[in-house]
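Sequence lines, in order, name chains A and B. Each residue of the first sequence is one higher than the one before, starting from 9 at the first, in my numbering. Each residue of the second sequence is one higher than the one before, starting from 6 at the first, in my numbering.
Bear in mind the hints are in silico, worked out from the structure with no lab data behind them. Do not take every clue at face value.
[What the hints assert, rightly or not] Computed far set for chain A versus chain B, every beta-carbon distance over 10 angstroms:
# : residue
1 : Ser-17
2 : Gly-68
3 : Glu-218
4 : Gln-232
5 : Val-249
[Said to hold, decoys possible] Here's a subset of chain B near chain A, in silico, CB distances under 7 angstroms, partners left out:
#  : residue
6  : Leu-14
7  : Gly-23
8  : Leu-27
9  : Lys-43
10 : Phe-95
11 : Ala-110
12 : Ser-235
13 : Val-256
14 : Leu-258
Note that beta-carbon positions come from the ideal geometry of N, C-alpha and C, so glycine has one too.
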Amino acid sequence: MTTRVHTRSPAEITLIGLAVVLSALILVVPIALIFAYALREGVGVYFANILERTTLHAIGLTVLTAVIVVPINIVIGICVAWLATRFRFRGRQLVITVIELPAAVSPIVAGVVYLFLYGGQGLLGPVLQGMGIQLMFTVTAIILVSLFVTAPFVARELIPLMQQQGTEDEEAALSLGANGWQMFRFVTLPNIRWAIVYGAVLTNARVMGEFGAVSVVSGSIRGQTNTLPLQISQLFNDFNVTGAFAASSTLALIAVVTLILKSTLESRGWQ
Amino acid sequence: MASRRSKHLLPGFGLTLGVSMLYLTIIIVLPLLAMLLKVGGMGWPEFWRIVASNRSLAAYRITFSSALAATVFNGFFGLLLAWVLTRYSFPGKRLLDALVDLPFALPTAVAGLVLVTLFAQTGWYGQLLEPIGFKVNYTQLGIIIAMSFTSIPFVVRTIQPVLEDVEAGYEEAAKTLGATGWQVFARVIWPTILPAFMTGCVLSFARSLGEFGAVVFIAGNLPGLTEIVSLLIFIRLDEYSYEGAAALAFVLLLAAFLTLLATNTLQSWQVRYADRST
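Next up, chain B with everything else stripped away, as it sits in the complex (with noise of 0.2 angstroms):
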């Protein structure tokens, strides 16, 4: 290849180059901006029609107060694994290490059919929380529970090299000031892991958002209760409702974006908190 003469010292631009671009339009860009048009083809009070209706609205509450409360549970179960995972040693911790990535492993809709049948009534969870009261197939707490499972892994995988970079000098010389150990995590460990901690949390509320297959299997998707974005556009599209449902893409498309733009940003401080720290 000619590029060897050129400022590129290792070969392979032109053809890397070339494959990319070729492969990334086809398969990526092309796609999407087949929708932007459609989206943009549309006008504008058509647009608002669909994206502002009742049933719109409240599909986006159902998705983003679910999603927030799953990312809530997240954010704690996720601090607790990462730290036990980090900070001790037992036996049978390499077996847990390799389990929190199993809602990633597992197929959703398998997530989907496994949830249903253990909150079922007569299932292993059901039998012993429905006479307590607590009903969570086809009830918004289904939802949360499905998006919790589905987006485990997030918290855990961002902050647990995080946590074990954190340098026992820092600790040790806070203990021998006579912090204690509340004090210790609290004043040095969690401001070092905050930013990574937030990271974790917003690839969590991000997937929570757009997750479909395990949802509706226990969601019961009733509209205006229990019917998330997701659905909506499924149910737009079997009634062939086409503008419904790139309308409403288009909406779960620009929260994707702007939770992206969020973790880039987010990143970026963790960069700078890491070089201060060094």
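Isolated chain A, as found in the complex (with noise of 0.2 angstroms):
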């Protein structure tokens, strides 16, 4: 054991060489392609690409969606992270199970699920037809099914996080005068700001990236309701490969950022 500090055994360069090779092989040459292939035409073509009107909708449309989203899941996320961590109650574990259940679906059945609510065919759709409002194809359902798919990784990082906590601080504030909000915004807060940032990080990254459960209930329309990810497959599939590649560069960077971002809130050691 003691020798490995200064010496490395035949097996423990192999392993290490081995690993590195094959993640650069499966990590790192698909982020280089990318940049690459975006830029393979020069910078000017790159710009006109991502400045091309459908694109730069897309690129709206997406932020859009993550302004909406990422806020309602945060606040959602630490409300029921409040009721299962704070309160035993009869149920407490179906609410932990509930929120989880998007995790398991897959994106497909994610939109599928939508369409059977709100669609022309499904249980709400016609009544709401009734009353004039179009939910499916338009941006509304695409909002709504982020939400649906997303509304697990805040909840899911402020759950362990705060049972482990415990609530002696809390009652403490309490018991020191403090009412609900001030315990709330100077005690818990504080406390779990960090899980917060990095569930509403992966969050984000997944709303700006979500496929296939968008592409069930958006109907594609271009300059409407393409997301990126969507205006990405039609550039594909018109063969304008570049520009595919230029709006992917976007969201790569994003990604990027979102794997700095986790690398340096778990060095702060929240977890």
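Put the two chains together into one complex; each comes in its own frame, and the hints tell you how they fit.
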């Protein structure tokens, strides 16, 4: 054991080498390829591709969806985590199971269940249509299905953390005369803020990148209900590979930022 | 809130219960219920005709076998990465640790686009592999590669913490008693990480069963050859065959429930393991 510090055994060198080479081939090369292909016709073409009308619209729609979905699922995540870790009640386990469900459901199935709720053939669709409300193939449908898909992310970071932290701090604050809001603002929130940021980062990455569920409910109307992943798929099907990679580079950049934030947050050691 | 006088010490029970129930019902439960009603309303013979049709059976077989192959690969690769990241120190280790999560951070459509380009005849990997007879794009190998890529982090992230917790003392003791490095791994470490390893494999398998974005780019989507269940659902929707889509979605949902059940069982096994070792 102690010798390992100074000299590496042949087994160790082999394993590290294998892991590094495989990871380079499987994880590093793909990222390099995105930027290489996006820029292969020059920087001018790259920006022209990004600024193309429908791609720009897709970027806008993707950002809009994230701006709406991420805050809602942060609030809900905190709510469910507070409920599930601070009280014992009948049905507590059920609440945890239900919020975990979307993580186990295939993206296509997520889209299909929304279709059967709000679609023309669905449970509420005909009623809504009678009232003149069309939800399917609109931006609202994209937002609803994104809320479904990312519902678990913040809650699943907060529940284990708050469980482990216990309730002593909060009870102390109350006994010192704090009201509920003060207790939450000055005791709970500082304890869980990094877990919230972490959950939000993961939620954002998934919202911006969701493909399967959104492709079922959006109708993929170019310049109207195309999010970035759908736009990438359409550009690729039009044989505009450079354009597809230019659009992908924006999402790849967000992925890289996500990894950096995640790594930084983990080294802060809140886990 | 009145709850301060009730059995709950902390405030907010009524508020968080109300908000949570409302949201979970509208966003998660109601849509799932709508689909179950659709399936329930179609009658057994109709349901069976769809889920047991030749095209469906071929899609299950392709999806299941590809997901299995992808999971086997991720089992080995995940174990290797987790081992290297927890046992050794080397330059670039933190970078490698961060990179492991790339498949979760990168949108699946982008992953699909990258893979199909890499393995194209003129692509970076394709031009090396095709001359020696490996055709990836539009074959089942492509599906397996897409499924593996999108589920790499599961096995690594489930065994990493357990591997970090295996006490060096046990390994030392085994070594002092004359065990070789391999014996220490097989007799001491492997049994400890087995439940976590299995959990990671089940999660990876479940994700692969449902993967859509990455696969559609590379699979070529030929019925009976490279058509996965998710894609068949999508095709049925395009044909306005909503019963067909609902029945197949139900099958995928059932598979997801079974894997969720398996993970819960495995996790309680893992907890028992942890209790016993302390």
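Hint-by-hint comparison with the structure:
no., hint, verdict
1, Ser-17, "violated, 8 angstroms"
2, Gly-68, "holds, 17 angstroms"
3, Glu-218, "violated, 7 angstroms"
4, Gln-232, "holds, 18 angstroms"
5, Val-249, "violated, 7 angstroms"
6, Leu-14, "holds, 6 angstroms"
7, Gly-23, "violated, 9 angstroms"
8, Leu-27, "violated, 10 angstroms"
9, Lys-43, "holds, 5 angstroms"
10, Phe-95, "holds, 5 angstroms"
11, Ala-110, "holds, 4 angstroms"
12, Ser-235, "holds, 4 angstroms"
13, Val-256, "violated, 10 angstroms"
14, Leu-258, "holds, 6 angstroms"
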